[in-house]
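**Q** Going down the list, the sequences are from chains A and B.
So in numbering that gives the first Met the number 0, spot 728 of the first sequence is number 727, and the numbers just go up one at a time.
So in numbering that gives the first Met the number 0, spot 264 of the second sequence is number 263, and the numbers just go up one at a time.
Hints in this document: simulated from the structure, not taken from any laboratory.
Please read all numbers here as calculations on a predicted model, not as lab measurements.
Among the hints, erroneous ones may be present.
Claimed, not checked - Reference listing, derived: stretches of chain A covered by chain B, where coverage requires no fewer than 3 residues with Cβ under 8 Å from a Cβ of chain B:
id: 1; segment: 82 to 92
id: 2; segment: 401 to 410
id: 3; segment: 463 to 476
id: 4; segment: 773 to 783
id: 5; segment: 933 to 947
Note that CB positions come from ideal geometry on N, CA and C, so glycine has one too.
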Amino acid sequence: MATTKKYWKGIEELQNDAAVQELAKNEFPEEVATADFLGDEKVSDTKTTRRDFLKFMGFSTAAATLAACETPVQKVIPYVVKPEEVTPGVANYYATTYSDGEDFASVLVKTREGRPIKIETNNDAPMNGAMTSRVQASVLNLYDTARSKAPMKDGAEITWATVDADIKKAIADAEAAGKKVIFLTNSITSPSINAVGAEFMTMHPGASHVSYDAVSYSGILDAHSEVFGKRALPSYHFDKAEVVVGVGADFLGEHLNFGNSRDYIKMRDPRHGKMSRHWQFESNMSITGANADKRVMVKPSEQGKVILSLYNALAAKNGNPAVGSTKTAYDADVNAVANKLWAARGKSLVVAGSNDADVQKVTIAINQILGNYGATLDIDRANKTKQGNDAEVATLLADMKAGQVGVLVMMGVNPVYSHAMGAEFAEAMKKVDTTAVMDDRMTETAISANYLLPTNHYLESWDDAMPVEGYYTLAQPTIQKLYDTRSPLENMLAWTGKGAAYDFIKNHWGQNILVAGAGSWNRAVHDGFYVQPQSAGENTESKEAPVLVDVSGAARAIAQQKGSDLELELYTKSGLGSGASANNPWLQEFPDPITRTSWDNYLTVSRTDVEAMGLVNENTSNGALNGSLVNVTVNGTTVENVPVMIQPGQAPGSVGLALGYGRTAAGIVGNGVGVNAFPLYLNGSTTQTGVTIEKVDGMHEFACIQLAHTMMGRHIVKETTLEEFIANPSAGNDEPTFETHEGVKPASEVNLWEEFDKTTGHWWNLSIDLNNCIGCGACVVACQAENNVPVVGKDEIRRSRDMHWLRIDRYYSSEMTKDRAEEEGLGAIEMYAAMEDPADAPEVVFQPVMCQHCNHAPCETVCPVGATAHSSEGLNHMAYNRCIGTRYCANNCPYKVRRFNWFNYPTYSKFNDVNPAQDEWGKMVLNPDVTVRARGVMEKCTMCLQRIQLGKLEAKREGRPVADGDFTVACAGACDTGAITFGDVNDPESRVHKIREEPRRYYLLEEIGTKPSVFYQTKVRNKA
Amino acid sequence: MKNALLPRFGAVFALLILTAFTLISSTTMAQDSTATGAEGGDPAVGEKLWKANCAACHKVDAKLIGPALGQVTEKYDEEWLIAWIRNNQELRESGDAQALAIYEEYNGLAMSAYPQFSDDDIRGLLAYIDQEYAAKQAPAVADTGGGAGAAGSGQGSGPMDLTPVLIGLVVFLIIIVFILVRIKNLLLVMKGVEPRSAIDQFFDLRVYVERFFANKKLVGFAAVIVLIFVFNGLWGFLKGIGVDQNYQPTQPIAFSHEIHAGQNEVDCNYCHSSARHSKSAGVPSANVCMNCHMYVAEGQSEQGTKEIEKIYAAIGWDKNTRTYIEDYEEKPIEWVRIHNLPDLAYFNHSQHVVAGQVECQTCHGPIEEMKEVYQYSELTMGWCINCHRETEVKMEDNPYYDKLHEQLAEEYKGEKITVDKIGGLECGKCHY
């Protein structure tokens, strides 16, 4: 099998432009203009003469000398009454819940001196949810200065007492006038809000509740409602699925990912001798597709037909009649899939991403045939995280237009921005007598509303959630409210007169949730979750032979669906999602895992389509990427000036566009970043046909991190297949060799340097299992939060001055190999040209790269001032205060992991809008144990030295050896899939020690003899 | 003849120095003796008992938790007092009217029983109370006339500053030498000898200057020496920039470590409790102060009492009703920070106090003698490093080090295993 595939980082590298070649030689491509560097744009406009300048200089030198003689007086102000649990300098952790209608996660919040500074996974929780980059970044939203600070009525500040009186009066008036009172909310999983909501409904029988999700799951909910009589999502159990088929469903990324990746990866461990087999049919290149064993490109309109075709193939095996007659171009793949699925009945899972109820109904039927309900799918303990109902929202809009709605209270939703009919919705709001929005800022919808009722951040509130039936979680405040805000629960309690949130939740839990004798409130607060014991009667229904749902009607509907030449698939990015956190600079700067582009959304187009339409992607002299601009029109609705990006693996005839961008009222960071694609999100469907695109003048400037760190042409990602791995566990992991005077020797035995001895004390190592890394990037944001990594903004990223200490390189593969070239008798030039020939369906690998902590570090030998030095524990230390900024180390680093502070990011005006460390609130998120670096110094991954030091100290204080797993690094802690393992290899009991002995272990660029403390594990794909 | 004068010079010197020292030492000794109490009890016995058993709830001249006991021997007869102190509950149960009245007055707050006290013990206690009360009253009476005296005695206990005395002495001696030289010259003149003597020649600088400049090598050598001194001085000055050794700012509360840590021997960790758990030793919050100062409302001097009242002002404690004031707006105490490492250096107290078993005084100096805290150590990197080079790692009885100790003992056979040998000089151990 092919093991010497050629990987390339992007289409530009593939085409091998002259600019790219130039760039490959030059890590810091552009000189900084002096004026830029000095940081004063106005220097050239001033009338200061040289003579004046010298006078000022002389004066200021003298003044500085005088001023330096006296140390400024610093105050140290202790608590007057110290809270018992707070010790200054020691972090406290609280278990709480992140649940915003979009994501769900059981988390631990790290607080220092009462300030939440970091989100960690709550590993004790049986259902952690997904620790996505959004969850990691959510702590920064707390300190967002764009948050509203007091309730507003028509733009003027009012008090909560006025709000309560006004709302109550408005409701009374509406009831008197016979008009409707509507609560439009996101998916509410909180049992307490539901309880108080029910109370409200009994008090006001005319009131009703409509659920609305920005990204709709109405289709799958409706299908389950029809089949199972229960409007809920099934809980996925990927940890039991041996064959996984995804059709347009990014279940490892954005599609109902409440821990899918964590479960999925449990079946992907080659050490067990078997792995799950994963097919993905999709049009956009998603994280899930990138991880699939086999990815089939399918146009959006064909996805329903693939599902139908799969149903028919399985129905034939099961003895059910075929419905409709669908022949697709993918039947070969579909039949292969059907065989595998049939062989793995009850241990397989078919997931469709479509929001079409018909497609979902057929998907249910497929899983029923396979006996997956009750095995890999659980509808008894159903997932309640999505409840939106598109039909009800449409009715609401009609009612509003007809003037039948008296009061509209919105909770955590922003339909003016996120609904396809947003503009119409804003118009219709004018016909409602009273509109109120509960949100954390003056959103697009809040601007059009009468009242803005600012909400707490989740870290300021008592709250609860039931993401899955029978599984309850609690959210507790970890800081006093920063502003005069109220949570939705507090509002509802105020309007029903039910007292304080804490008391209400505690009572509600005591009476309805905690089972007598088996659950304690204090325990639940401590743990952050409570699992109701499954009653005996539960989970019987689905174990009976399922009544196969009749899909003939659905089949007819699917068969009638017409495709078009160009189709659009809308998606959400793993950074920004549906755009609620658009003002979070960490998420904006977080590069998309696939395109490696930050601060943008764009139209992803296949190479063939780009060429056919005369669109271009080109690199400027500094390597930055520019792309053509187009107008995208669907069904008469046009989104203008959308930049085009060539996306390998994009199904020809389809284009992709991310939702969640183009906010106008998110705040200073998020406003105007990208284009708003929601107007194209017609009928709540992510797939749209009849798309036309029209090229417009101008080029768009992208901020990509893709060419900044070239490692091309070398075996940096090692890969094999399960088959080969079983035959030979070190398959694909050939150690590089050298010809020496003593014969051929492996690289590990050839050494320019003196051998080192690392057997005394600790030797901290990091293992990165490429087989477990799905590329989600939560670790990147976790690292940023832990290590005070600055945000530098689009312009700097475009100049390749990104500051992330940890990057996840993404490589596309090409089918041409050296073996094949030999077979076909190709010469070297032809072979390399062919290697760079774009593959229609590239395989994708992700590789997290941070400082490798080389024990023979190239950076250390070139530092003229000894600012970077090696430790006895195998770490490469960086002393910022010693660094003079020669950048020799970065130039000599073969892994390109060193980051230079080109500017004073915490103070320079250019970064006012993006760097959270710049304002008084944003500063509070900084980790006080990590230095904030100044201009002119180099920085890089420290392997979370602050955590290592603390972990050792705790062991010393308690008088015990460091135990494996006592502490870990930020990236490893954030990784849901266990791709990163940290530990002391000198401890024979440690996991990292054991992994290091495995045959899959290899070192990045081992042939250069750097002897890193970070090592990788070969990626294994199941091609059987 | 002229040589005979010299020993006399010496004698004058010796005499003067001796006189001066005698004078200095005699001023520092001044003591007063204490009188003993009467009325059959030994107040010395009473004092011990008072401090161990009574002082937590009683004062002689003011109400604390229990009543002021100043004139208790006048109000009640001794027999009753003995019965009350030994077991007031028994007394109350016997239906004693006086006992019940006190019990009622203090809202049923019972006093502890002391059956272990003998009659003599209690008599001693009462004698001590009387003596203390008398002592408290006396200064109040004397205060009108003797305020200055009291202040004077308050300051007399500190160490005397000898500098002015020494300077005076030096000036005095120079004058003596000058006079003696003049006398000698006068004697010579009287003998008709030319006054310009060997001594005058000895003091004639011109000769030396001429000789010095005649020798080029010597000039060069001297220039080098001078330059070395100049640069050394300059280097020392530059090194001192930003080093705040001996920094002793005035604090918002004149808190004396000498009284707390020195005289009263309060453990450092009692107030700076986080030193064992955290990177910062922590300035105690006002509620920690209140643990003691709820009862200790008076300082050793009037000024001390005022300082204690500053805690009450911060936290909102009403000294008279002995309750916290409700809805009081707390006023945090803004201490001036003395020890301040730059942000780029990470220092952890618990590392040094618990793992390293370093005494507080090693870095903070004789803190128990400081009336006002000053920065004792340089707190420079050189100072840190030096200590890391010299200090042995406390590996005994700490299982963390077991394996490491074995390995290092072999590596450094017999040598002391100091902090630098386990990586204590590496950049990243303090800078991250």
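**Q** Which constraints among the numbered hints does this structure fail? Numbers only, ascending.
**A** 2, 3 and 4
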